[in-house]
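There are 2 protein chains.
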Amino acid sequence: MRAQEVLNSALESVRTLEAEAVPVCCAAGRVLAEDVHAPIDLPPFTRATMDGYALRAVDSGRGARLRLVRGERLGAGEAVPVATGDPLPRGADAVLRREHARVEGEHLVVLREVKPGRDVAYRGEDVRAGERVLNAGTVLEPLHLGLLSGFGLTHVRVVRRPRVALIVTGSEVVEPGERLERGRVYDMNTPTLSAEILRCGAQVLGYGIVRDEYSELKRVLVRASREADLVVTTGGSSRGERDLVPKILEEAGEKRAHFLAIKPGKPMAYGVLNGKLVFALSGWTAAAWVTFEVFVKPVILKLGGMCYSPPVVEAVAEKTIRSRRGRRDFVRVVLSRRNGCCYAKPLEVQRSSVLLSLARAHGLVEVPEGVERVEAGARVQVRVLRNAGYTFP
Amino acid sequence: MRAQEVLNSALESVRTLEAEAVPVCCAAGRVLAEDVHAPIDLPPFTRATMDGYALRAVDSGRGARLRLVRGERLGAGEAVPVATGDPLPRGADAVLRREHARVEGEHLVVLREVKPGRDVAYRGEDVRAGERVLNAGTVLEPLHLGLLSGFGLTHVRVVRRPRVALIVTGSEVVEPGERLERGRVYDMNTPTLSAEILRCGAQVLGYGIVRDEYSELKRVLVRASREADLVVTTGGSSRGERDLVPKILEEAGEKRAHFLAIKPGKPMAYGVLNGKLVFALSGWTAAAWVTFEVFVKPVILKLGGMCYSPPVVEAVAEKTIRSRRGRRDFVRVVLSRRNGCCYAKPLEVQRSSVLLSLARAHGLVEVPEGVERVEAGARVQVRVLRNAGYTFP
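Respectively, the protein sequence lines represent chains P and Z. Here the first sequence stands for residues 0 to 392, where the numbers follow numbering that gives the first Met the number 0. Here the second sequence stands for residues 0 to 392, where the numbers follow numbering that gives the first Met the number 0.
Calculated directly from the structure, the hints in this document are not laboratory data. One should not assume that every hint holds.
Identical copies carry no separate label here, and so any pair may be met within one copy or between two of them.
Said to hold, decoys possible - Lysine-lysine pairs mimicking DSSO-like chemistry, simulated, CA-CA at most 30 Å apart:
(1) 114 / 254
(2) 275 / 318
(3) 262 / 114
(4) 217 / 114
(5) 254 / 344
(6) 265 / 275
(7) 114 / 265
(8) 114 / 301
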């Protein structure tokens, strides 16, 4: 299967998860599972929007003298002091701002005429009861939480967070903090992919570092496929003696693809176990990360009710990029802007075994299967990896 | 003070907070407090990057017959089977891929010649010990966590999260879930601003809803200014009898500005209490939100070691926008793209008392103090409020 077919097949295999109710205060970034209709008017009553005096606009001729009263209703020739947010007394249709009035004992002298509706927020003028205010599928922003709370809602139905199992394989992999014996390397995949999974709005089910031992690995994989909505493994995805994940997929589930014509990430396998998708990524962090970005992230987001459209900018290639016909390359580039034009410069090191150049890249240029060479000066689409400005925590 | 002066004054009053050590696994989105130098080489030893046979490239003439041995070193005419990630035996300088070799008993026949360094990752080729890999001020991305872990680091020094106190004032404000009596409204500010504060990478210290009562409010404000790095209040920021926050600022601290010439958000006050900045925002959620975005967010981000540059796009105004000379307006617009051009259409309702139109806006057009009118067809800068694609949780 080609890269695009694998992605399409994976996306077709999953559906957005079921809904759950969560407190409104914790719902930022969650995806609405159903439309929300306003249960009440907003504001729930007609309110003054400034400090001053409620009155009938028809009484507010300049120099008019009104009787100051207190209460929930007023009549002709009367005015009631109100503060911002107060209910407007019945009978009133405008607010005269404090600075436009002069108080003389029990009376008020109008210094500026007002029109009906002046400094008044009518009941339901923001939202009418029954109105649809938010659509299913909306990613909840802080302001949406404010609206929901304004209706008095304490909970909201959102798509459940996907549970993503992460299994790092490799007998040579040890946890940071341990002593590094010869031939051992520290686990770089757990922190990298855990953080990426969380950023997709999903939960991480961590299964730790698993040795390259068939029965142990199979036990963990089967358990993960039961407990999670999606399984991601790293390492052991090639076809050597120690590459057990594709074998287990083949024997206990369904191996749908293996050895994609992509760079980096080629020894990736993809299949199904216990009805759950399994992505077996390379053990090299740079390759695992790129294939996560390209194949796994869109699937996690679909499970979570979102659609992934990676940010793309158009740029001019600063150097010739060589690829191989029939292979899809993801080339690390740095971006720069000169004379109003964006330039993409391929980084010198593109190897799967090198992470720093990926961590320093601003984006990836995707060279499709049919292209062998992108000439210097040609226009390219760059998948942007870093957000400008600041990043959400 | 004008809007820009208030922002400058506030930014000048705060410094980035001190550092703290946190586990690498929890450091995504945090800001590095100091440069990180690699404590070890990465990879820590020279490794095979493919499955196959380690050998001396000079021995790999096509058809050559090599003796298969096992061990940590090899000599002339010898080959050692290796799997991806294995240490390269001493004496070897290349890997012959399995598919390019034929095994005949104790011997190997070379099917394709290899050059020195083929399918080998040299010790330190990714990062050399001592090399500076990350600069202070970096917002940590998932891949950075992978690098740190690759060095065996378990903790990293980052800027402490700012603690932001949130105080919602107003005797008429009740919590969602309670019964709504006449004249009462539900609290929309706590959920909205809490979520925004969290998004800035800060912690929220919530002080609940406080009645418009001088001594109680003063007690809470003083306590908040002791416990937090920054204090945000909503409501009671105007100059009526119930508007106590500016009074308390004046009497117990320092009131630096009040009634800014901005729309929405005019009755905002800004000052200092116990050496901490206090932003007293309007009680109307739309106004509070805009002033939070314009004045408070940049300050929280500076405390947290980040610099705020809101995303801005250039667009063509679809309608004439009227403002008042001497006032800075933040006009809610929706964006659309037609014929390769971006258009900004002002929403009909711009009132502080209306939240839905802000929740539906794509951006804000900032009309500076010296401008009374932006003609339809004029180019405007739009501060973008929503991220396209998906949002980080």
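Here is what the structure says about each hint:
1. 114 / 254: neither (74 Å within a copy, 35 Å between copies)
2. 275 / 318: neither (42 Å within a copy, 52 Å between copies)
3. 262 / 114: This pair counts as between: shortest inter-copy Cα distance 21 Å, intra-copy 69 Å.
4. 217 / 114: Neither. Shortest intra-copy (77 Å) and inter-copy (38 Å) distances fail the 30 Å Cα cut-off.
5. 254 / 344: Neither. Shortest intra-copy (37 Å) and inter-copy (51 Å) distances fail the 30 Å Cα cut-off.
6. 265 / 275: Classified as within: same-chain Cα gap 22 Å, cross-chain 55 Å, threshold 30 Å.
7. 114 / 265: between (72 Å within a copy, 22 Å between copies)
8. 114 / 301: Classified as neither; 52 Å inside a copy, 45 Å across copies.
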